[in-house]
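**Student:** Listed below, chain by chain, are the residues.
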Amino acid sequence: MPVITYRQALNDTLRAELTRDENVFLIGEEIGQFEGSYKITAGLLDEFGPTRVRDTPIAEEGFVGAAIGAAMMGLRPVAEIMTINFSLIAMDQIVNHAAKIYGMFGGQTPVPMVIRTPGGGGQQLGATHSQNLEVWYAHVPGLKVVAPSTPADAKGLLTAAIRDDDPVIFLENLSLYNTKGEVPDGEQVTEIGKAAIAKEGTDITVIAYSRASVIAVETARKLEEEGISVEVVDLRSLRPLDRQTVCESVRKTSRAVVLEDDWLSYGVGAEISATVMEGAFDYLDAPVRRVAAAEVPLPYAKPMETAALPDAQDLTKVIREQLEATSFFR
Amino acid sequence: MQEFDQRRQGLSGLKTMAMIRAFESRMPVLSEERLIRGSTHPSAGMEAVATGVSLALGPQDSIASNHRGHAHCLARGSDPGRTMAEILGRRDGYGGGKGGSMHIGVAELGILGTNGIVGAGIGLATGAALAAQMQGSDAVSVVYFGDGAANQGVLAEALNLAAIWKLPVLFVCENNHYAQSASIEEMIAQPDLKQRGLAYGVPSVDVDGMSLGDTFTAAAEGVERARSGSGPTLIIADTYRYLGHMAGDTEIYRNQVEVEQWQAKDPIARLVSQLLEAGVITTSDWEDIQEEASRVVQEAEEFARNSPFPDASDATQDVYSKGVPA
Ligand SMILES: Cc1ncc(C[n+]2csc(CCOP(=O)(O)OP(=O)(O)O)c2C)c(N)n1
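As they're listed, the protein sequences go chains A and B.
The opening residue of the first sequence carries number 1 in this note's numbering; numbering runs sequentially from there.
The opening residue of the second sequence carries number 1 in this note's numbering; numbering runs sequentially from there.
In isolation and in its complexed conformation, chain B is listed as follows (with noise of 0.2 Å):
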């Protein structure tokens, strides 16, 4: 199995991470600014999920999102250009500006999409699953949901199916706490998430959040028992968003000292210290990899500024495959 190396998915980690949150503190701007319309969720506060899951996938790994997504298709590997130039429903966007923030999908990166309907991207990464074990490949996949898409029926099928077939996916839930304004306490009887797998027959594990090695290392023994066909697994991230559900988002449903609270464990706060104090990195490089995250996104956004609208034609574009007309 893999092990975590501070030097390489340490390393790594911290400036996927950091790029992450610096793209994701634009997101309120740019809907501030109204380039950025409809609904779009940020995902600061929850980096070491996705950049520790990703930094355990291979090439030919699949994964499906949700609707809070930019994470999960950055620490896949999208380009963030591109990505947010889709968030700003322009044509250098991977959809060419079809889809906006929470439809990107990345045909070449293995991501099935981020998605609109909560819940339904545990349906899909069970099918790349099922289609990996049917075709003799070693690929497995991954869905992202969050503790709210936990009280939809497809996860209990989804679970089940997995766990019956042996299907080589992770099922990772993001659970920051919150769906929209609902708590889990409110939501949810048994708070033991893992629960739900192990009543399928799925090993599930907790794991913490905010620690990039944590994560990294549940991802990696679940990847290890997927590839080895040796079925699903379930991983329960406990993390935090701190910026709303979405931008307006007023936060009557919770307080200021909790959000506080959890900043206080930032995942990217805590891996620098980490390195820092491992010798990896040295002031000066934790500055260097800021400055460079925010360079990336900096130019990600220009790059999806001064990219064109599509057009209006393009709207009957793509509807079937090959050409087939609207």
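If we strip away everything but chain A, and leave its shape as in the complex, we get (with noise of 0.2 Å):
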């Protein structure tokens, strides 16, 4: 299999899905000749023009409402919004108008559309560049929220996002980009609702999404190498929420942390404490616990940033603290 970078395999799934169907456009700020903040749109303007390829002016709230529109009319629009702190400005139209659309009119107009958006600290951007606000979207019915972390789930999810009738917040993160991975050539289109088992183990679950994901995984790695066996949940989506793998795993390991990049108060984690709650309280063997971001806007200078964000030192602490107070190293 080709090991790719999250963004080359970004870039790929967008040409394939403009290829594929002529109803797929692209539209967003910087997104022609620039090719993105980001780069994730290179070489997209010159294969299929401005018509389909098509620059926008700094004006979140009118080009988001224009996606909806021609997604109400039957095209299917991709809008890039520059970083999800941008999407805010947009927030009417995507909270009221594209997740409602379809059901408040009983279930006539489809709005099948697709806004792909990076999050996350971590850059040093500072506190109106660097949030986490998924969980904003995650919170709204008829929304779905993807937020893959690795570069084949941003190429199967990308994917069914573009395929799919609904509105599809595709959450990125910066500094996933320029991560590799595997990722199978031709058609590869992951359910959206499935979370994955991104590592097994059987003494601990840990459940995350997109960057934390990936160092939930790193740490797991790395507690193996002292007899810790730690099963990673990548939720890969937030709505639908997949809470039947969550408590399968947490059913089998009896113990359960959630990392996250989003504030703790809440956020996605207390929304899987409440869930395990439900689905497997009589397997726990201690309180599940949430390792997220402070609760302050993300401050710019490097040691407050990093202090403030979660990161592998952090969760390694409280997969410990989870494992002593259950009697595991005795």
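Keep in mind the hints are simulated off the structure, nothing from the lab.
Note that CB positions come from ideal geometry on N, CA and C, so glycine has one too.
Wrong hints could be hidden among the right ones.
[What the hints assert, rightly or not] If you want the ones that stay clear, here's a sample from chain B, every Cβ over 10 Å from chain A, calculated: (1) N160; (2) D288; (3) D311; (4) D314.
[Unchecked claim] For the chain A half of the interface with chain B, some residues (derived, Cβ under 7 Å), not all of them: (5) P57; (6) E61; (7) E278.
Bring the two chains, given one by one in their own frames, into a single complex with the hints.
**Tutor:** Here you go:
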């Protein structure tokens, strides 16, 4: 299997879908000549022309609204919002309109569109440019939210998202773009709403998504050398959420930790904890623990930024605490 | 109304502009050295706008800036050392390193912040003007925004609010012809941007943004209108940025000839020759001014480089007022 970057996987998939379906088009700021702020649309303007790779003014509310309207008429827009932070300007269009049009009108008009947008901190871009707002969207019925952590899932989930008849928020992550992984050739569709066991294990389950899943897998590999067997559930989709895979894993390991890049309160970890309470309570040896970002606007200066973001060390510490609290080391 | 006096505004503006140019010229170097991280947007070439507008303001006034905001702050009187320290993410920065280049706020100078979100300052300045009106003060507020930001919906909303309530606000559009790589020709069908203001009943003017005298005069007019209770003004300043949108910009969207054509209208060179001609300065005065500018910037840089990094534990400080824990 070819090994390519997450960025390349996205670029290849956009090209493949633009080629496959003439209803697919791209819309967003700086995606044409400039090839996207993070170069995800490299080469696509040349190949598909300015009608289908459409540069917009800085007008998130306007162009997201336009994408929704076009989707209602049967096109399949893939909007790029430069970063998830700027999606806030389009929030009304996404939440009040894209998410509701199908259901509110009684199932007449699907809105087959994708909003691709990277989130994440760690690049010292400061508080307005470093957020993880995916739970805002994951909260909303009518939207689907996916967050691939590997190049293969980037391909599989983007393909699925573009072919899906509902609006999909496709969350990328600034720190994943250069990561590499094996990506199968040819068509690859990853089912939306299905988590993956990113690493099998028996002693404790770590539930994560996007960048956090990469950290969880690395941590699990390290701990394996010490004889600790960590299972990593990569959620891949935040809505629909694969509660079954989460609960099955926790029933097996009896211990659970959630690693997430967003803020702790009301975050993904809160939802997963409740899910485990509901679906695996009797199997738990200890309360579910959460490792998340500090509840602060993310600071710019490196020492503060690093301290505020969850990392492998934080996760390792909590895994050890969980194991100690449940007599694992005796 | 304040008249442009070459001995006063001309001379003081020249010093400020020379300092801003020296300051901004360090940005690519400091980015290259990786002392500046994230993104930093220098405004070399655009000095006359911030400087001219600032000269028309009083201490009670406030400004809202954007992502390309160092000049707005410096012209308003921010300390170059503390400004640089914030850009470098150091403890002596105005926000203690929390904000960086795109998030510099200086309450004591009425600087409502440089701003990472394109268009956002437009709302803030409108609100500052509303407060001034409600509090019965004679303060005015200014927002600096780009031609790119002019396409955000907030501009339409704020122009209308300011017009119906006669708010003391100056909307200053720095039209540098590009928003990141997108040219105004591609992104704005009606190139006459002052139509945006006129459509909402806001007095709107074009000004040569490469001329300190012109930006000052237009701003002074707008400030007078605002202070006298007659409401907002939109100023469209025609200008250009010499450097890339941010460090690492490949600038594929423009050619060197165009850059050089604009550099031929350089606002600093132009002001220098005016002041020389008028006998306000001599060539050796100009040399002194340049030397002073580079000394100030060098000191600012040393100050910033020597300022300690914040502690990791500072991350959780100041999330709420009155020390409510995060
Ligand atoms: C809401 C929002 N959308 C997009 C961006 C990314 N961005 C930062 S600066 C910029 C260009 C702004 O152009 P303009 O307003 O003309 O100011 P200039 O950079 O030319 O000074 C863009 C697109 C952002 N910061 N905020």
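**Student:** For every hint, state whether the structure bears it out.
**Tutor:** So, going through the hints one by one against the coordinates:
no. : hint : in the structure
1   : N160 : 16 Å, holds
2   : D288 : 36 Å, holds
3   : D311 : 6 Å, violated
4   : D314 : 6 Å, violated
5   : P57  : 4 Å, holds
6   : E61  : 5 Å, holds
7   : E278 : 30 Å, violated
In summary, the numbered hints that this structure violates are 3, 4, 7.
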